[in-house]
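Read top to bottom, the protein sequences are chains A and B. Numbering follows the UniProt record's numbering, in which position 506 of the first sequence is assigned residue number 506; successive positions increment by one, without gaps. Numbering follows the UniProt record's numbering, in which position 218 of the second sequence is assigned residue number 218; successive positions increment by one, without gaps.
To be clear, the hints were calculated from the coordinates, so they are not data collected in a lab. We put the beta carbon where it would ideally sit given N, CA and C, even for glycine. All the pointers check out, no bait thrown in.
Computed spacing ranges between beta-carbons, pair by pair:
1) A:N1072 <-> B:K23: 33 to 43 Å
2) A:N407 <-> B:P13: 23 to 33 Å
3) A:I265 <-> B:K23: 40 to 50 Å
Below 27 Å or equal to it, Euclidean Cα-Cα: the simulated DSS-like pairs (lysine-lysine) are:
4) B:K23 <-> A:K1081
5) B:K31 <-> A:K1068
6) B:K294 <-> B:K90
7) B:K338 <-> A:K1068
Some residues of chain B that are not near chain A, with every Cβ distance over 12 Å (derived):
8) T74
9) R76
10) K80
11) T105
12) N153
13) Y176
14) P187
15) S208
16) A216
17) A219
18) K226
19) D235
20) E236
21) T268
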Amino acid sequence: MVVTKEKTLDNRIKTSKYNILTFLPVNLFEQFQRVANAYFLFLLVLQLIPEISSLSWFTTIVPLVLVLTITAVKDATDDYFRHKSDNQVNNRQAEVLIDGKLQNEKWMNVRPGDIIKLENNKFVAADLLLLSSSEPHGLCYIETAELDGETNLKVRQALPVTSELGADISRLAEFDGVVVCEPPNNKLDKFIGVLLLKDNRYFLNNEKMLLRGCVLRNTEWCFGMVIFAGPDTKLMQNSGRTKFKRTSIDRLMNTLVLWIFGFLICTGIILAIGSSIWEHHVGAHFRIYLYWNDVNSSVFSGFLSFWSYIIILNTVVPISLYVSVEVIRLGHSHFINWDLKMYYPKKDIPAEVRTTTLNEELGQIEYVFSDKTGTITQNIMTFNKCSINGKTYGDVYDDLGRKIEINEKTVPVDFSFNPLADRKYKFYDHSLIESIKLGDPMVHEFFRLLSLCHTVMSEEKNAGELTYQVQSPDEGALVTAARNFGFIFKSRTPETITVEEMGKLVTYQLLAILDFNNIRKRMSVIVQTPDGQIKLYCKGADSILFERLHPSNEELMCLTSNHLEEFAGEGLRTLALAYKNLTEEHFREWFKILQKAYTSLDSRNEHLAAAYEEIERDMMLLGATAVEDKLQEGVRETIASLSLANIKIWVLTGDKQETAMNIGYSCHMLTDAMNEIFIVSGHTVVEVREELRKAKEYLFGRSNDLPNGHVFCEKMQESKQDSVLEETITGDYALVINGHSLAHALEANLENEFLEVACMCKTVICCRVTPLQKAQVVELVKNHRKAITLAIGDGANDISMIKSAHIGVGISGEEGMQAVLASDYSFAQFKYLKRLLLVHGRWSYFRMCKFLCYFFYKNFAFTLVHFWFGFFCGFSAQTVYDQWFITLFNVVYTSLPVLAMGLFDQDVNEQNSMDYAKLYEPGQLNLLFNKRKFFICVAHGIYTSLALFFIPYGAFYNTSGEDGKHIADYQTFAVIVATSLVIVVSVQIILDTSYWTAINRFFILGSIAVYFAILFTMHSGGIFYIFPTHFPYVGNARNSLSQISVWLVILLTTVVSVMPVITFRFLKEDLNPTLTDQVQKMQRARRKQKPLQSHMHRVYRTSSRRSAYAFSHQEGYGELITSGKNMRVNNSHQTSGLARTMHNSISWTENLHEKTPETVNSFRSDRTVKV
Amino acid sequence: MKNKNSQKAEERPSRCPDNSAFKQQRLPAWKPKLTAPTVLSSFFVIGLFCLLVGICLILSARSVKEIQINYSDTCRDCSKLREDSSNWDKECNCSAHFTLQENVTGDVFLYYRLENFYQNHRRYVLSRSDAQLLGQDVNIQNSYCAPFSTYSNGTPMAPCGAIANSMFNDTIHLSYYINSSTAIQVPLLKSGNSWWSDKNVKFRNPSSYNLSSAFAGTARPPYWQKPVYLLDEEDERNNGYINDDFVIWMRVSAFPTFRNVYRRLSPTKQFADGLPAGNYTFHIAYNFPVTKFKGKKQVLLSTITWSGGSNLFLGIAYTVSGAVTVLAGFIITAIHLKFRTKKTYFQRQNPSR
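Sequences are here, hints too, so could you generate the full structure?
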């Protein structure tokens, strides 16, 4: 067998960057691509030129090597883990047919053309062409949640010609088909190919394909041929490229570093000009003492002095800045990893930081893009409440008749009377079971309906071990509920349904299934009871069903409708249930119509629909069900807190509009209190534009009189007034947009309009979106809004979005790990997002900003002293400090206190961080570190450097020490300025640190102690005797620091440098306190005030009527059942008239596929275009 | 497979993070805050302290007595002569008179002061060999001494480098007129004026049985009139590299204007308490040219106090800072009492919505 493709690749997945050999060169190359590292390399080269070397080479090489090593070690560990996870995936076992035998083979060794055997509940290893399966007719079921987030099972069917191969290994081994197909692409719902087998051509489409990332369900085994492997698979093609993520602070820092370079060059030029002038006026005459043979021109001396100054002033961009930033981020990452409150004990999953360089951006998030299934919801449906004949069940009341919250202590209904009950199912209202036991006929009918009207398949492997194969989780929930309440659906054939009703086995004749579809929004079954009565059972959307009720139901309808509203208000997914008794004649009459509709050649579907419509009327209302699509724990609170923090949450889901909106309601992203919910679901550009335009008109009001959305949009962008406009919007709006509309909305000419409307809305829900669209939406907001985005998801369909957002979060713990592998952060529960952002993110941002402010301040104060000194030393690039001090200042003397601040500082404690979500806003507005703050820090640094230089200068100008000896000598001056500097910056960090742990105390005091210890060591005789040229400061510290006047100078310098800062800070806090200050004050006062959160309103009751109908069902299963194709052969010989004859003529699969016309059409039209 | 996994999970230690104060960021901590009482009291305390120190410093600086004579102006002829380097071997003597109106008591130091002499220029500062000055036998060719390292014939200079070469070589004597006609030499000490660590640690003569042999094979720096082992022929412990004048000169100054100790008054006989009032004359052998680079030379007599010399800057700076701090304290108090926002953030937020 041959697969024609440009290249054949194996199934190996590679996300790692280096191997042992390439690590050093590639890593070094990458590191030197960083402007800063390249700059320091350049400096090092400069320092090796003796004419301009104003500093010894070791002042640069020591930190540079340190930086490079630390970064390299970090990169190496990161890559090691990537290798590990690659290996884990690559080494998964697959059964591959090799040499006529099934052999275990690693995933990575699977190649296109190989035949693989898959077993139930296993991940599909590569994109496969389904050849045969254990189920009849080569059917197999897959779950594509990993791919598109849809949770209902999908059917794939092999070609008849291949399905007959079965599990016959030898015949499979001889299989010699040739597949010609399209090149690898990222379209998940489309595949075009041709199988050439024994001179026959068979067309292949997506229905024959099993894509990597899917899970095989309800199918014992299947065989498939690998078409695409590894990076060619649709999953991988969809995952997008791994981008190197940088935080906004990183980008700002790069800009600032460039500015600083500019500043450096400016100061260099000023000093170089000074040098030229000095050389001309003074230096030239001074040459009797300072002989200078080489240089005659004063301009050239200025040129040399420029480079010398570039070298000594380089410390304004300290190399240790980058290392320190990395260390702080690593520390913050560990704090996240270690956080007990983000640890999920049930699954033993702690939070994990997978990209350690993004932490502070967690404090700046403005938009959160969330997947729905598995992220916000648990993907578990439970039958939660119901309304039967005007009475609700499901709420628990205490003795006084008050509704009580259901918690773990509430006693669930005991289903032990029922041996077949599902143990996991819990129901708390005991009155329902009592009604059943009392034999309330309506209640019985209700559950009978649930046990009959569905398309579930059952399997009873051993007695009492009943398992259901469900196409949609909603149905599963309903049938399971009926099962637990004693109406156990046991088995079905194409013509019968067997139900155990309160311990009594009853077999119903299944006369017809009136299948579900999105337009009908209901499904019905017509059954004949053993006593010959014909009954129609119908379940569907209340709005649809209520129109088709018998007029006598008015009162009950009213009551039920109230109940439905109540359920909907709680975010439950509701279905209304009804039945109808049919006479035999009536049915036979109608059946003729139906058969006619079936056999009609054109517009069969319409005829069918009309036939269904005919019988589904004048029904009797039974009641309604309410299924809870279980939210993950704490989702509502999390979303509420994040909204309070001004974070906009967009839900992007592959699921249906109804389902998505329903979840929107249940997690209070959508409320009935909202002014308007715009739903965009147009199929063409024109429709979508019209819908968006209407929404905008509504938003901005007609008074704005906008002639053309486009012009307006451009104007708005030009004048940048959207923020002003945004404020004029009052009220809450929501936007719900469908995938097909989104495709148009994301086109270049509409995207601005879309974005504009979307950003005005409090909630945006995009449903039916493809993974790529998710990424596009994220990109759109990211690029046009300049906002920091976060994407959170759990499945493979979220990978592209996770990768394109500034920060990607993966929900770990479910089977698929791809989202987690692509993410930057992962944890087990959506609710941890709140803590990640509001506590860790906020702290990280706060700490990082404080750190950067201090760092720039410190280095400007440190370095600019050289600049002032330049005016007094003939612009000769003489350093103020000892070279050792310059080497060690950033690395040893001042690194640890600021690191400790950057790691441990807290302005407000974690509880208040979460309670006062408003505290998050400074990060979004980028208030704590921006260009303005940077200039303030720099100005502060310059001021300090002035004090540091001129106070000692004034004090020691032309004077002598208290012993009459030297005090104004260069070395003493160097020691005094250095000591003052260390003390001033230490006092400054003391002022800046707001959270003094023992570590901070230790580091600050320790740093000062270490400074003096090193100072005295380096100025000691012993070390001088060993290296006289390197430690010429012998005896200096002792002589100068023993003088009172020196200490007085240091003290004055400190006072002068620090007092203005205190004044400024105090006044700012006193006159214009920020929320942080207030909370701090409160925290100190320990007043037990109620947190802001209490303002959060929890409106459950709704005034407007809203249907919460949502049903994740796919049509076509009705026919699948009545045709009997998906049932074991031994079942299907129990024949009987009606249904069987009816459907024999029709290939049900064809029908099934026709329901997804896009696929088939595209296949047909593309068929001629052979690849 | 699933079973295996779950078994593995049981075997694997729990991934639950430690509940330690450090890992949970719950380390006990102080949370200092700039509150009104602390800030205001610190302003007043610091301000008053600075004022006090400033006043003390000013008083002590004013108690210093200082006589300063700019002899590069006084001895203009000599200055002229020295501008032409061809006259280097011509002697030029000069004297400067001054009168003390009252006794100068205490330790009296004689300084020379140079102006516009860039001892702190990078190339100047570098131009020395500490190893050589430590008496080690080093190849000064490799040091920063160039071009003052060796003569063209290869003889190394001892000491090498621009600093040593440019050593201040005027000789100054002070005489006191007991009466209008008789003058006596004021006894001045030429050693003990440098730092102990410099003299005993940083500088050492090469070891040999005598100094001249120790420096055999080396030559004096070009501007010197005599070799290094003849700097003080009277005192063996003040000769060679450990000569005080040399040691002091080698400690380069931080600024182009500086003073170095030249001599110290020997408190003997009538000078036991310092310099008595009367007439004095400096006798100066003018060797060191300064006018060529627009420099100035001064000779200075000064007493010292606990705060050093006569510099008023520190005292004034302290007084001003103290005054400003106290003033700021008052202003801040006023602002605090008058304009402080009494509203809280929450209250401000509510009415708008």
